[in-house]
Amino acid sequence: MNTYTALQKAIPLIETRLGYLFKNKSLLILAFIHRSFTNENQEITIHNERLEFLGDAVLGLIVSDCLYSHFPNYPEGDLSYLRSRLVNGYACSRYLQKIDLERFLLIGKGGAMNMTEKGRETIRADLFEAIIGAIYFDGGIEGVRSFFFGHFKKEVLQIVEKPLRNWKAELQDFCQKKYRILPKYRVVEDKGPDHLKTFFVEVHLEGKFLGKGKGMSKKEAEQQAAEDAIYNLGIDR
Numbered sequence: 001m002n003t004y005t006a007l008q009k010a011i012p013l014i015e016t017r018l019g020y021l022f023k024n025k026s027l028l029i030l031a032f033i034h035r036s037f038t039n040e041n042q043e044i045t046i047h048n049e050r051l052e053f054l055g056d057a058v059l060g061l062i063v064s065d066c067l068y069s070h071f072p073n074y075p076e077g078d079l080s081y082l083r084s085r086l087v088n089g090y091a092c093s094r095y096l097q098k099i100d101l102e103r104f105l106l107i108g109k110g111g112a113m114n115m116t117e118k119g120r121e122t123i124r125a126d127l128f129e130a131i132i133g134a135i136y137f138d139g140g141i142e143g144v145r146s147f148f149f150g151h152f153k154k155e156v157l158q159i160v161e162k163p164l165r166n167w168k169a170e171l172q173d174f175c176q177k178k179y180r181i182l183p184k185y186r187v188v189e190d191k192g193p194d195h196l197k198t199f200f201v202e203v204h205l206e207g208k209f210l211g212k213g214k215g216m217s218k219k220e221a222e223q224q225a226a227e228d229a230i231y232n233l234g235i236d237r
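Numbering (the numbering used here), first residue to last: 1 to 237.
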């Protein structure tokens, strides 16, 4: 397991991988501290969840701005779909893997020992969002834009150039053919004021969890949940 001292020493290497030099190094260190590490190391009292919260919003903003500018004829639904493809947990996990920084994460022994592959994917996505939050706090929105599009322009283009897909329809078709029943979606949580809500949705089949998603509308969250389910079921590999 990594130590806090080892993380401090690794800061120059992490900055090189990011291509971004922090003015406030403590922000970068904070991005790599998982809650489970603070539970087992009581001298460390803060973790990266607040930065993750911030980074999620900032990433959504820069991607939305990019899509709005580059696709002036796309309706809101298509823009929302593309945004979800670019900022969902699977995408963020892949971004983190590309810059190879998971190895520096400070995580508790219990959390590391009990982690499933799906859990590891979530951890990677959360770490990536925390890094985005740290860069935003240190260098503003332009710092984030430079970092994100400097590293992941190829991945962004690969996604936006693919034909739009109706993940709900694909999942429904699969379930009908294989199980002869339809998947069911339910909102498990919503956050934020009425004009700016984020919906969290799960999709189940006969009570079995298939996938989850979030979005600024129920429709967007359901599409993301269906995409997650298709990935989890191994249909789209």
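If you're looking for bench data, these hints aren't it; they were derived computationally from the structure. Heads up, some of the hints might be wrong.
[As the list claims (entries may be wrong)] In the DSBU-like style, the derived pairs of lysine-lysine whose C-alpha atoms are separated by at most 35 Å in a straight line are:
(1) K212 x K109
(2) K208 x K177
(3) K208 x K168
(4) K98 x K25
(5) K109 x K177
(6) K25 x K153
(7) K25 x K9
(8) K218 x K191
(9) K98 x K153
Practice problem: Given the hint that K98 pairs with K153, test it: the Cα-Cα distance must not exceed 35 Å. | Solution: Judged against 35 Å, a Cα distance of about 12 Å means the pair holds.
Self-check item: 35 Å Cα cutoff - pair K25, K153
Solution: Holds, because 26 Å separates the two Cα atoms, which is no more than 35 Å.
Quiz item: Regarding the pair K218 and K191, is the alpha-carbon distance no greater than 35 Å?
Solution: holds, 12 Å
Quiz prompt | Hinted pair K25 and K9, Cα distance within 35 Å | solution = holds, 11 Å
Quiz item: Holds or violated: K208 with K177, Cα cutoff 35 Å?
Solution: holds, 17 Å
Quiz item: Regarding the pair K208 and K168, is the alpha-carbon distance no greater than 35 Å?
Solution: Holds, at roughly 17 Å.
Quiz item: Is K212 within 35 Å of K109, Cα to Cα?
Solution: holds, 27 Å
Exercise. Take the C-alpha atoms of K109 and K177, compute the straight-line distance between them, and say whether it is at most 35 Å.
Key: violated, 43 Å
Quiz item: Are the Cα positions of K98 and K25 separated by 35 Å at most?
Solution: holds, 22 Å
Checked against the numbered hints given earlier, this structure breaks only hint 5.
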